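**Q** Take a look at the letters that make up each chain.
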Amino acid sequence: MKKLIANREIDVNEEGYLIDFKQWDREVCECIAGECNVVMTEKHWEVIEYLQDKHRKEEPLSIRGIKRSGVINIKEFYNLFPGGPLKKSTLIAGIPKPKSCI
Amino acid sequence: MKNLIILGAGTAGTMMANHLVKKLPKKDWKITIIDQYKTHYYQPGFLFLPFDIYTENQVKKDGKKFIPKDVNYVQKLIELINPDANTIQLEDDEMLPYDILVVATGSKTAPEEIDGMSGPDWYKTIFDFYTYEGAKALRDKLRDWKGGKLVVHITEMPIKCPVAPLEFAFLADSYFRKKGMRDKVDITYVTPLSGAFTKPKATKALHHLLEEKDIKEVVDFNIERVDYKNNKIVDYADVEVEYDLLVTVPTNMGDELIERSGLGDELNFIPTHKTTLQSKNHENIFVIGDATNLPTSKAGSVAHFEAEILEENILRYIEGKPLKEDFDGHANCFVETGNNKALLIDFNYDHEPVEGKFPFQGIGPMSLLKENRMNHWGKLAFRWIYWNMLLKGIPIPFVPSKMSLKGKNFE
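So the protein lines, in turn, are chains Y and G. So the first sequence is numbered by UniProt numbering: it starts at 1 and just counts up by one. So the second sequence is numbered by UniProt numbering: it starts at 1 and just counts up by one.
Simulated from the structure, these hints should not be mistaken for laboratory data. On a predicted model such as this, the values are computed, not experimentally measured, just so you know. For each residue, glycine too, the CB sits at the ideal point set by N, CA and C. Some hints here could point you the wrong way.
Stretches of chain G that chain Y covers, calculated by requiring three or more beta carbons in the stretch to come under 8 Å of a beta carbon on chain Y [to be verified]:
no.: 1; stretch: 152-161
no.: 2; stretch: 263-273
no.: 3; stretch: 329-340
For reference, chain G alone in the conformation it holds in the complex:
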């Protein structure tokens, strides 16, 4: 009997368990998935929680429901990966041997990386919305906030779901308009990049949204510290931005397990072959989802496309065949723009998001890089698709794992 172990039962790990259980013969392979946490969160929902668009129960479920019954589900803390001995050490010093390892330990926020961020004002005037706790605390804060300077801030790249902070700013504009207090709120978007939009075609098509919604931009801002005593963030060039309410996206890092095991880069992300998803240093270790260091977005759609390709590559690896270099960095993301409208973007390693129709050339019904209501309904429908199709490894109709060039206006 051989062992395949999946570390992490989040979006990517759960999908891989569902994919592989159907393909690996039960008499030869035992599949184990390990995750210390019992709750599976619908992370895209964290964007909606602060604005009372989603309730708590819409963004979390018992993780066990999504793990196939033929997969051995271990709910323990993972102490160490021993890549040379091919073993996993658990919290109680139990050792599990593996023949193949799939690392899907994701990424998480690390507010302690910036001086003053997670200090005494954390969840008082400084919030994140990338965690369940943060999104919920922020919701409670916003419910009776009287207005002032709202600063939406990105600490450093890469972050999970890079468009989420922008969506947050757009939804905040709608939220305060609806409450009849938009004139009391000043919204500023602060980014370490050269703009809220960084790609030429998206900038051209979308920059007007910031002006329409009266969202100010502070760019090239590399935060050094939060001066929480004086309510301002300070960057390395001594530029200061004052806030009454700071909604920040802290540094995103891979799990500490990766650091403990000596497998990661400076942010604990694992060096991974960008087209095959095999780890660069160990041929029987594969990496999927946010845990990789791949130059594409850290997003659920990416994990979904990767899962289809990784399933095939694991089967090829077992058969001793060369791996397929099929992953193209494909991502497909809805971007909420407020007022019940959204954009849709579809892109990969080589092609930036452009305008066009999706998924059917000339027909749609979705429009790329343009805001409309159809895209918004698509985003809301996605929650159902996530729980009922994506996690179970069911392919989404008409959306292949490799990006299609059809229906897109590249010129």
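Just chain Y, same shape as in the assembly:
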């Protein structure tokens, strides 16, 4: 389905996750972050870049990964993206949320 984000038609799935990462940019990102009540700071951007890099390499995202990322510790991660930090941060980063097979 299409969703108007930053005055652009963006392809998203039923839960609002971007389907085509090529449609993501900082403007789209800030818009989605706003909807999640997250105000982007430098630290947020750092985390987003880390997540996108993992996604590019097809490496699974996990809290353990965050712990070992050297970018941020887990408490800070929860503070930056309150309530389901992986779910929210991946939505904002324009990448799929971590999922199981069904």
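Model the placement of chain G on the given structure of chain Y, informed by the hints.
**A** Frame of chain Y, contents of chain G only:
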């Protein structure tokens, strides 16, 4: 004479030995398989052991029975892989050279990764069912458990057989109903993911099962520690879930051998090309089954489909031909839903599980993403197929290694 060595004689390694022994000329190639353990476990059976549906003897056999006689079977601990010297170092410092290496060392549970999990209450009020010992201890516990809060919990992804914890919750519901004590048991499913079901079509088709069976969901729960003194698990957001009986799936990791040899990622899984199964860092090392870092399920069916493709790619590698980029992440799994019913799911890297008929379009006899008895009998029949066909590398009729789009309702 050249050497092909397979590390690990579990599902994937045993299948590869059976595949390759038929294809590699004996006068040119010596095939060796190395595994320190003598017993081969039917791991899908660990789900049934706690509920007294399977007995111990139905889930284990002597591994030797499944290794072809022309394959050199070494039962020793593997100390190190030396990818630069192309050698394997065994526990007694014996060195085995290889021309081609197939790593099939699987994944295992690591409860020690979480504070308090494998402490004094391990196998008293905290259990896993992903090991033979855990499943058996849990069976003994359940036989005379008086009820209370049962928490079924996933520590972190990825795990082997990602649907098993959900199946465990469904079977527990049936088990306690049959015992006439369901009203005394409160079942909660705790997951680090956003739900028990995470894909849109499966959520739509299956979420009702949780409500029907009165299984509560706690989602986005990333465990920090087990507070075993107060019988609760605590997550990083300080959310707490109380239990009387905790059935957890601990962190799953690749073998320590992979870490010792410096070949793995942060969970000891080996970076592997997702379509060819060649390791990313060494062209004469191939990886199969749970030992890979591929973004598909860690499941026996996946290893089976991979084995057919890896056999061909090893032959191509020997002949100096380009490898086939044929592996599509295909997985095919029965999902027990309790009351003698099951679901069947068929999916790959690109396609999530959907409804439809399997393996024959419009006919079935199995139904995809729908619970029925036929699928349950399929799951039980699978144990026979595993011991008698799968391990021996015999293809399963009508189920090709690449996923078929036929018979599936994508819209």
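**Q** Confirm or reject each hint.
**A** Hints and how they fare:
1. 152-161: holds (count 3)
2. 263-273: holds (count 3)
3. 329-340: With 3 residues in contact (Cβ-Cβ under 8 Å with chain Y), the coverage given for the stretch 329-340 of chain G holds.
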